[in-house]
Amino acid sequence: MNYIGGNWEKGLGATYASINPRNETILWEGNYASKDQIKSAIDCASKAHFKWSSLSFKERLEIIKNFYNLLEKNAQTVSEIIALETGKVDHDAESEVSAARAKLKNVLDAYEDRTGAKKNVTNIMETSLTHHSLGVVCVIGPFNFPLHLPNGQITPSLLAGNTVIFKPSESTPLISEYMMMLWEEAGIPKGVINLLHGKKWVVQNLVKHSKIKGIFFTGGYDAGRSIHASVSGEIDKLVALELGGINPIVVWNTNKIKQVKNIILESAFISTGQRCTCARKLILPKNKYGKKILDCIKKDLGDPSITNHFLGPLISNEARLKVISQQKKLEKIGARIIKESKVPKGKGFFITPGLIDSTNLKERFDEEIFGPILQVHFVGSFSEAIDEANNTKFGLAASLISDSRSLFDEFHSSINSGLVNFNATTTGASGALPFGGVGKSGNYRPAGFYAADFCAWPKSSVLKKL
482 MNYIGGNWEK GLGATYASIN PRNETILWEG NYASKDQIKS AIDCASKAHF
532 KWSSLSFKER LEIIKNFYNL LEKNAQTVSE IIALETGKVD HDAESEVSAA
582 RAKLKNVLDA YEDRTGAKKN VTNIMETSLT HHSLGVVCVI GPFNFPLHLP
632 NGQITPSLLA GNTVIFKPSE STPLISEYMM MLWEEAGIPK GVINLLHGKK
682 WVVQNLVKHS KIKGIFFTGG YDAGRSIHAS VSGEIDKLVA LELGGINPIV
732 VWNTNKIKQV KNIILESAFI STGQRCTCAR KLILPKNKYG KKILDCIKKD
782 LGDPSITNHF LGPLISNEAR LKVISQQKKL EKIGARIIKE SKVPKGKGFF
832 ITPGLIDSTN LKERFDEEIF GPILQVHFVG SFSEAIDEAN NTKFGLAASL
882 ISDSRSLFDE FHSSINSGLV NFNATTTGAS GALPFGGVGK SGNYRPAGFY
932 AADFCAWPKS SVLKKL
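Going by the working numbering, the first residue of the sequence shown is number 482, and it counts up by one from there.
These are calculated hints, taken from the structure and not from any lab test.
Watch out, some of these pointers could steer you wrong.
[Stated by the list, open to error] Here are the simulated DSS-like pairs of lysine-lysine, each with C-alpha atoms no more than 25 Å apart in a straight line:
#, residue 1, residue 2
1, LYS528, LYS491
2, LYS820, LYS767
3, LYS823, LYS742
4, LYS820, LYS779
With these hints in hand, go ahead and build the complete structure from the sequences.
Written out as structure tokens, the structure reads:
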């Protein structure tokens, strides 16, 4: 069901279903929103904006706190729905809910730090800075974090006084509806938040509408680029894109094999490789130590007691076929398959983890493989490792594993990524910091702590006496 102006409405568009990726059973059936329903949702949000933005900060916060209290109360149910609909292993789904529950404190801190009101009084004059809502914004969510990532943009949007149209991934309508029920129960006024189901054409109709002033998208580069192009020239729309990455993890000057191996495995294979920050390339020294690390990784990838901690199914068969196709493409251009990623027999969109030596490719491969495949590159020096890490048009996350802090200082200053970690996974991120990348990974509008920046605009004033 779509949620428009405080009412639940059956979609008037095409029928579709949410499929359990573990066993291919139908979890949910419904309809996409129609063009008229899209217009209705935008009109409702636009009408609700003045009253919502006129409420005091305290009044808006009270309703938002109600939502987070309900999320806390229903955490187990929410976690179970996420696990069912995305195929995440249980602890991974529980981790997402925990991250979402912790979001409010960071959002409040960011609001005060980045967009709160400020005043300075001197003998000559007074200066003031206030921030104001954009109006109606649309949040276009991903499937891989269907609760945490959308609410990382919905919450600061609402706090700043915006009204919201939420368009979730078509792969995760069930959790998005449950989330909307919690917002409704929290007492959100009619029209302040709306839910529309749909695919690309729904997004295109949304973002092009003149009343939409903010577009916050999380997903792949091609979809993000399409959205950006569709509103090109419309300078009154603020577009924030959080896209993917070809994230390098470099190992240099350390002999702590066990710790190194664990960081690599989690970086590459957590959530079945379906995180934008998952490590896509492992850069190792071209010596016996580098080979030893690779042998340990290969061995562990054959141990279900280890891989089952990270691996569930992919989100769809289409996603699985794409991963296999990309593996074949790599092999065709000279990659050496160390451990082939395969489709096992039986129900579900499962896929085995893959390990590929891409050191001697005939041509550059700069595609994000959104699944459990890790490419390995052997290099002769640390400067070559940095060059290889930067050998991509993406720039989201990178990590160095080493005993040398001075090497990390060099790495940090040289790497073209928004998240650069030391002896931590590429997927490690703090909610108290900005989250975003450069190049094909985003458009310099990081989320996380800096999401507050794109949810409001500043108004500066100088006040003097006559």
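How the hints compare with the structure:
1. LYS528 to LYS491: Holds: LYS528 and LYS491 sit about 22 Å apart, inside 25 Å.
2. LYS820 to LYS767: The hint holds at about 19 Å.
3. LYS823 to LYS742: 22 Å, holds
4. LYS820 to LYS779: 7 Å, holds
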